[in-house]
Amino acid sequence: MKLTQSFGALLFAAAALAQNVIITLPTEGQSVTAGSNITVDVERPEQLTGFDQVALIISMTSCASGACLPMAEGLDIILYNGAFNPVEPNPNPAHQQPNQNFTVAIPAALQKGEALIGVTQIALVSASLALWVEYQNVTVNVV
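Taking mature numbering (1 follows the signal peptide of the UniProt record, and there is no 0), I'd label the letters of the sequence shown as residues -18 to -1, 1 to 125.
A portion of the hints provided could be inaccurate.
[To be verified] Now the in silico label distances, taken between C-beta atoms and shown as ranges:
#1 ALA109 with THR15: 44 to 50 Å
#2 ALA46 with SER110: 30 to 36 Å
#3 SER110 with ALA54: 20 to 26 Å
#4 ASP34 with ASN123: 35 to 41 Å
#5 ALA49 with ASN2: 22 to 28 Å
#6 GLN93 with ASP34: 19 to 25 Å
Read the hints as simulated data drawn from the structure, not as lab findings.
Yeah, the Cβ is synthetic: ideal placement off N, Cα and C, and Gly gets one too.
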């Protein structure tokens, strides 16, 4: 019985890791202008069976007054909350993973300086529909 449980947990972990998203835009350290629109590009490897995407949240938090809190402790300013339907680019000479671009507005009143742009992916995994939440972020400079 323990072997079956261990194998199930290992399978769940492998399936979840295979679904990690990658923020390709903006890039780490990129400057973004308060009050402007930017493109956030999110890639996800080919989807495994048994992985049901629920939502994607793009958020932002200012770090100008000190260290940023981890995304898991609060999302601060929500820039996008909705569906995530990445598609493979066509043509695809660079062999990119499926991705989706989101145009979001950087708040005009956002404090200048370092900030995090984060992506929270929420999904249900496997036949048991276990909840899976993933956080990824990049640091940008608000000007």
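Tested hints:
| no. | hint | in the structure |
| --- | --- | --- |
| 1 | ALA109 with THR15: 44 to 50 Å | holds, 46 Å |
| 2 | ALA46 with SER110: 30 to 36 Å | violated, 42 Å |
| 3 | SER110 with ALA54: 20 to 26 Å | holds, 23 Å |
| 4 | ASP34 with ASN123: 35 to 41 Å | holds, 36 Å |
| 5 | ALA49 with ASN2: 22 to 28 Å | holds, 24 Å |
| 6 | GLN93 with ASP34: 19 to 25 Å | violated, 37 Å |
Checked against the numbered hints given earlier, the structure breaks hints 2, 6 and satisfies all the rest.
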